[in-house]
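4 protein chains.
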Amino acid sequence: MSSVSELTLLVREFAQARDWERFHTPKNLAMALAGEVGELLAELQWLTPEQSATVMNDPELGPRVRAEMGDVTIYLVRLADVLGIDLVEAATDKLEDSARRYTVEAARGSAAKISD
Amino acid sequence: MSSVSELTLLVREFAQARDWERFHTPKNLAMALAGEVGELLAELQWLTPEQSATVMNDPELGPRVRAEMGDVTIYLVRLADVLGIDLVEAATDKLEDSARRYTVEAARGSAAKISD
Amino acid sequence: MSSVSELTLLVREFAQARDWERFHTPKNLAMALAGEVGELLAELQWLTPEQSATVMNDPELGPRVRAEMGDVTIYLVRLADVLGIDLVEAATDKLEDSARRYTVEAARGSAAKISD
Amino acid sequence: MSSVSELTLLVREFAQARDWERFHTPKNLAMALAGEVGELLAELQWLTPEQSATVMNDPELGPRVRAEMGDVTIYLVRLADVLGIDLVEAATDKLEDSARRYTVEAARGSAAKISD
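Chains as they are written, first to last, in UniProt numbering: chain D, 1 to 116; chain E, 1 to 116; chain A, 1 to 116; chain U, 1 to 116.
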């Protein structure tokens with residue numbers, strides 16, 4: 001299994017080999033990321049929350065959701081590479097912020113935001 | 001620096017400690033992911049592609065873009081955890097699919113899709 | 001009550017008076033539209049479908065949802081103006097397409113797409 | 001040419017005839033709206049801002065963009081119907097708010113937000 005940094009290199013080489021780097025501005029990649037998230041939403045939109053919880057057991061929907069999650073990850077990793085951001089560090093920093101703002105005591109059962 | 005699997009555990013513990021697991025259905029988390037991607041778009045929407053390419057050098061915008069990328073990563077990792085999907089594997093599999101469909105020869109300079 | 005064409009003129013004048021037309025390319029406005037839809041999702045993301053059905057009765061959430069719907073409409077109308085598209089005509093044409101593809105007999109109870 | 005209220009009735013009848021009303025919660029329709037906006041972004045994502053400004057002249061892309069705008073409008077109108085919101089009124093109210101916050105003098109040339 002490869003890591004995020006290995007995946008980042010794979011996606012970068014993929015773009016370079018096809019001469020696509022000039023298309024890969026942060027603005028364009030953010031739009032592409034949003035487009036892929038839109039496709040993910042489309043797979044889940046008519047399901048009840050309960051149905052969504054078992055979607056991976058569905059032989060047709062499960063692989064489609066996994067493929068959309070793969071697409072989202074590809075564009076997120078590519079965007080982070082172009083921006084020079086370490087995704088795991090950025091997420092960890094943000095999680096620490098959220099921990100300060102949503103203490104366990106105050107938040108317990110009353111809200112649902114990990115971050116905002 | 002922590003890995004995706006370490007981040008996954010951190011986010012899971014964060015949600016468990018606050019009793020937020022019942023809110024974290026795939027459907028709800030996909031909406032939250034889309035909301036965070038919307039905030040990322042909002043930071044980039046009025047920039048030219050050229051301005052977006054140097055956004056991380058901007059002392060005000062740079063940290064905001066990094067924070068939004070952190071938020072997107074948090075919800076993506078949480079959604080993958082709930083779905084039982086390995087993000088890096090799903091992305092790598094999808095990238096291999098794309099390599100078959102967009103060969104270097106055919107794609108060179110003519111398109112920009114890593115995936116779809 | 002004003003019509004879509006009156007609203008279109010109001011939004012156009014608003015942008016012209018502030019010298020914002022140069023920012024209002026279709027690409028930028030589509031991103032702004034997506035950003036506003038993201039804010040709308042954020043208002044609904046932790047609600048159950050049942051809670052979402054009565055959200056307008058909530059004295060705090062109701063006005064916020066209405067305001068987000070207003071924002072989405074503003075950017076959609078502005079984007080249509082810049083593109084030279086009649087939104088109601090474009091929607092009506094698309095609905096006729098969908099009626100041919102999803103006949104009442106075939107679709108009854110089995111799906112939920114108005115359009116795709 | 002029909003108005004928003006006529007379109008609203010057409011879309012409502014379309015959903016009723018297919019027994020799709022039970023799927024059309026605000027939560028589900030907001031996701032569907034976001035999915036359609038994602039498809040719109042996908043049509044514009046690799047274009048330069050300048051290319052996006054003339055996209056309607058492109059014999060292939062123009063009709064696709066128009067169709068996506070139609071889809072977005074259909075779901076927005078349907079969501080407004082289910083929520084009991086008058087879209088044009090909600091947008092006009094929001095525009096008046098924005099006019100107070102972004103005066104012509106302060107905003108001239110310096111920003112680009114119609115609303116937020």
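Hints were generated in silico from the structure; no laboratory data involved.
There may be inaccurate statements among the hints.
As the list claims (entries may be wrong) - Here are the in silico distance ranges between beta carbons for each label pair:
1. D:Arg22 to A:Gly84: 50 to 56 Å
2. D:Arg22 to E:Glu96: 21 to 27 Å
3. E:Arg100 to D:Arg22: 54 to 60 Å
Claimed, not checked - From the structure, some residues in chain E lie toward chain U, with a derived Cβ separation under 10 Å:
4. Ala17
5. Ala30
6. Thr48
7. Leu83
8. Ser98
9. Arg100
10. Val104
11. Ala106
12. Ala107
Said to hold, decoys possible - Stretches of chain D that chain E covers, calculated by requiring three or more beta carbons in the stretch to come under 8 Å of a beta carbon on chain E:
13. 15-25
14. 57-67
15. 70-84
Beta carbons are placed, not taken as given, at the ideal position from N, Cα and C, and that holds for glycine.
Practice item. Tell me, in ascending order, the numbers of any earlier hints that this structure violates. Key: Hints 1, 3, 4, 7, 8, 9, 10, 11, 12 not satisfied by this model.
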